[in-house]
Amino acid sequence: MSDFINGSAGGSGGGCGKEGGCGCGSQSNSGSDIASAADFLETGQPQTRRGFMKAAAALAMTTLAPGITLFAVGGGSAEARPLDEAASSKVRWGMLIDASKCDDGCTKCVSACSTENGWKDNGRPDTDAQWIRAVTLKNRKTGATQTLPMMCQHCEKPPCVDVCPTGASFKRADGIVLVNKHTCIGCRYCMMACPYGARSFIHEPLEDQKDYAPRGKGTVESCTLCVHRIDEGRLPACVETCNAEAGGALMFGDLNDPNSEISKRIATYASIELRSGLQLNTGVRYQNI
Amino acid sequence: MTSMRIVKFILSIWIMVIGVSLPGQLLAAESSLLPSIAKGKGDKCVLPTEYMRRNHMDLLDHQRDETVLDGVRTKQFSLKGCVSCHAVKGGDGKAVTVKDPKHFCASCHNYAAVRVDCFDCHASRPGEKDQFGGLKSKPAGHDVAALKSYLHSGSQTSLRGRDK
Amino acid sequence: MARTTYRVLNGRGVTFWSIMALHALVILIGLGATYYMEHNGHIVTGMNNRIVWGMPHVFAIFLIIAASGALNVASISSVFNKLAYKSFARLSGLLALALLIGGLAVLVLDLGRPDRLIVAMTKYNFKSIFAWNIYLYIGFIVIVAGYLFVQMNRGTESWTKPMGVIAFVWRLVLTTGTGSIFGFLVARDFYDTAIMAPLFIATSFLFGLAFTILVLSFTCFTIRDQLMNKEVMNKFRDLLIIFILVVLYFTAVHHLNNIYITQHHGVEKFLLMDSPVYATLFWGGQIIVGSLLPLFILINKSLGSNRTAMTFASILILIGGLAQIYVIVIGGQAYPLEIFPGWDEISSSYGDGQIADYMPTLPEVLLGVTGISLAMFITGAALTILPFLPQPISDE
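Protein chains in written order, with my numbering: chain X, 1 to 289; chain H, 1001 to 1164; chain L, 2001 to 2396.
Be aware that one or more of the hints could be misleading.
[To be verified] Examples of chain H residues toward chain X, derived with CB under 8 angstroms:
#	residue
1	Pro1035
2	Asp1070
3	Arg1073
4	Cys1121
5	Ala1123
[As the list claims (entries may be wrong)] When the alpha-carbon atoms are kept at most 16 angstroms apart in a straight line, the in silico EDC-like pairs for lysine to aspartate or glutamate are as follows:
#	chain 1	residue 1	chain 2	residue 2
6	X	Lys171	H	Asp1070
7	H	Lys1094	H	Glu1128
8	X	Lys138	L	Asp2344
9	X	Lys138	L	Glu2345
10	L	Lys2123	H	Asp1065
11	H	Lys1094	X	Asp208
12	H	Lys1099	X	Glu273
13	H	Lys1044	H	Asp1058
14	X	Lys157	X	Asp84
15	X	Lys108	X	Asp121
16	H	Lys1080	X	Asp208
17	X	Lys141	L	Asp2344
18	X	Lys171	H	Asp1065
19	L	Lys2123	H	Asp1061
20	X	Lys90	H	Asp1070
21	X	Lys171	H	Glu1066
22	H	Lys1075	X	Glu85
23	H	Lys1080	H	Asp1092
24	X	Lys120	X	Glu245
25	H	Lys1075	X	Asp84
26	X	Lys138	L	Glu2338
27	X	Lys108	X	Glu245
28	X	Lys90	X	Glu156
29	X	Lys141	L	Glu2345
30	L	Lys2123	X	Asp162
[What the hints assert, rightly or not] Covered by chain X, per the in silico footprint, the following chain L stretches (three or more residues, Cβ under 8 angstroms):
#	region
31	2076 to 2084
32	2106 to 2120
33	2184 to 2194
34	2339 to 2347
35	2375 to 2388
If you are wondering where the hints come from, they were derived from the structure by calculation, not from laboratory data. Note that the coordinates shown come from a computational prediction; the quantities given were computed from them, not determined experimentally. Think of the CB as a built atom: it goes at the ideal place given N, C-alpha and C, for glycine as much as any other residue.
With these hints in hand, go ahead and build the complete structure from the sequences.
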């Protein structure tokens, strides 16, 4: 109770305690040092104490194998921000999706997002909200097939932000495109305007929302890049799950930091924006489509 | 109008005024007509009760803009904070939602007939643990820092560190 | 030339009051439908995450376009000094106001959060054409009310021309804004074109005049033969023919342009050929019923100037107009977004790559119709209260 009056947080912010992007998981930290086990676990593994202790104990005995390090790196990283600090434009959060690693028929990112944020499949696909979906592509002429996840692309110049009459659809300083549901009047113009069909309208009264992801009837919503997790220094749920349980197609990080893993990957391997002709400079990029 | 009618008119207005304001004057008294508002956790709220009664909406309005638009997540005036402190347990031991008249916000708002808009979107009872079983409000690295200090210091400090 | 005098609608018999009662009943039912929609959420409508704007928006846009066009008759007299239309200026202004209020009511009542109208009126994102439209609509109401005031108030007639010019320019900006709601959307193949604005301007001329003729025909039973005399009917006939042809022109240019551009072949083929719903509405509704049939009626000079025939043609025009707006608003959304060019088969759990289905439900259709009834009710009520109708002067 006292922390409410003092205004201080229950735990301190700044998870890694390092400036800039999270450097943990890079090669220099691999080694037999037990404390490095802690560094490995900073990159977004499940936070249960039991799982944590198990992993720490196992690692205490072994050297970190390069594969595990890369695996952890593939998820990307975020750094927790102090509670009273506003988001800053020094950072631009983005995602890199390697479509070749997206397994056919896999929808783990979709389930992770829906569990995390509280939207569900009610059996009514026309009106059920979907923040992320697996899209299957087939080319009849060449026979090629492809699956990839699609969500809000967090454009730098979002059409949804341009058209919102009340300014409820907005871009936060660190690049995340959000809906301020206090101001949203539910006109759905942003849904007309989104070139990716990323937004959903809530068509019925909701109950038992997650307390960190409020959502309600009559407003519009879309992928928030798990902003509640990012502000705490964790990874978006889809990224975490894809790297822990599936092909590892999703990578998250700071696009403004040239040393972040995502920036290095984008600089090295070709990646595209969807509907790049629209010149929206999306924060979500795709490789190997 | 005769003077008698004027007097009657003024008297009736006066009676109406007193009749309407009386319940407010009796607010401190125990009465089955008035809402019974559950006590929150701890000995007091983040600000004095009288101030909160009048101004909680201003505080929440300001906080919500800061949180949504700027990403400032200070806990003092956060809605999550209010909900978790003021949670009221129902018959099944779990916190009640705003639909239940015992809910802290509902108990007063139902009486005052002011619709609460917040809980169309926000959860009206404290959240459960996240999908990985950890408590969500902990930033990443909390457990890690605790492990580090445990491993390095060799003492018997609790792994959970400072529990709030 | 004798001064025109104006008067309140009299001769209010059973017919008039039955029509008013019918409109009032429709409005009440529509409000009930709105409450049902708002309380249960839009799940009770046919609108979904792919077709986000449905029947209410079709009616609302239809009414808003008609509203700006209804001011035309007044503008012709005040701005372009054609005195033959001067006697209709007040009625035209009233109709413009009523139709706009009806359209706006439908738009507002369909919002996901209509209780947040105050937010919409106080928080503006000025990059949004929608936000500009809110100002344009409110401004239109104020300006047209002012325009009517200076005409009806003694001693301020000299302000009629300046107010008329302001109203005329304002309505052109307003209709351009309404068209740009669609024209500015880069996301969809059928929108994202500058021609939406002039198309809507042309359509507004047509709808506005059709509504004016309808209202004149149906509200003034006793005097309409004198009010709508031969000279006036000939002029209306000429105007209607021109307006139909101009709308056909802009529609043709819009579609032909898309047909030329290979990238847009998909949506054109869908709307004009493949889709049973939209192809029927376009060819059968807009073209045949809304344009060719009325043209056929109006082209014959003696038939075209007959009041009954022209009223019938106006009804056909408005039905075709509804079909036109339906194809634009809903057809444009039904066609999937082109996110992955080069891939033929696209599927997902969210309707990617698939034509979206839309089946309007009763509450949303009722809400749409309520807009029309509201507009007509306001018009009828105003006619009985204030002198909008010209006192016909015998030709001799």
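Outcome of the hint check:
no., hint, verdict
1, Pro1035, "violated (23 angstroms)"
2, Asp1070, "holds (4 angstroms)"
3, Arg1073, "holds (5 angstroms)"
4, Cys1121, "holds (3 angstroms)"
5, Ala1123, "holds (4 angstroms)"
6, X:Lys171 / H:Asp1070, "holds (10 angstroms)"
7, H:Lys1094 / H:Glu1128, "holds (11 angstroms)"
8, X:Lys138 / L:Asp2344, "holds (6 angstroms)"
9, X:Lys138 / L:Glu2345, "holds (5 angstroms)"
10, L:Lys2123 / H:Asp1065, "holds (13 angstroms)"
11, H:Lys1094 / X:Asp208, "holds (13 angstroms)"
12, H:Lys1099 / X:Glu273, "violated (45 angstroms)"
13, H:Lys1044 / H:Asp1058, "violated (19 angstroms)"
14, X:Lys157 / X:Asp84, "violated (27 angstroms)"
15, X:Lys108 / X:Asp121, "holds (14 angstroms)"
16, H:Lys1080 / X:Asp208, "holds (14 angstroms)"
17, X:Lys141 / L:Asp2344, "holds (8 angstroms)"
18, X:Lys171 / H:Asp1065, "holds (14 angstroms)"
19, L:Lys2123 / H:Asp1061, "holds (15 angstroms)"
20, X:Lys90 / H:Asp1070, "holds (14 angstroms)"
21, X:Lys171 / H:Glu1066, "holds (14 angstroms)"
22, H:Lys1075 / X:Glu85, "holds (12 angstroms)"
23, H:Lys1080 / H:Asp1092, "violated (22 angstroms)"
24, X:Lys120 / X:Glu245, "violated (20 angstroms)"
25, H:Lys1075 / X:Asp84, "holds (9 angstroms)"
26, X:Lys138 / L:Glu2338, "holds (14 angstroms)"
27, X:Lys108 / X:Glu245, "holds (8 angstroms)"
28, X:Lys90 / X:Glu156, "holds (14 angstroms)"
29, X:Lys141 / L:Glu2345, "holds (11 angstroms)"
30, L:Lys2123 / X:Asp162, "holds (14 angstroms)"
31, 2076 to 2084, "violated (count 0)"
32, 2106 to 2120, "holds (count 8)"
33, 2184 to 2194, "holds (count 5)"
34, 2339 to 2347, "holds (count 8)"
35, 2375 to 2388, "violated (count 0)"
The earlier numbered hints that this structure contradicts are 1, 12, 13, 14, 23, 24, 31, 35.
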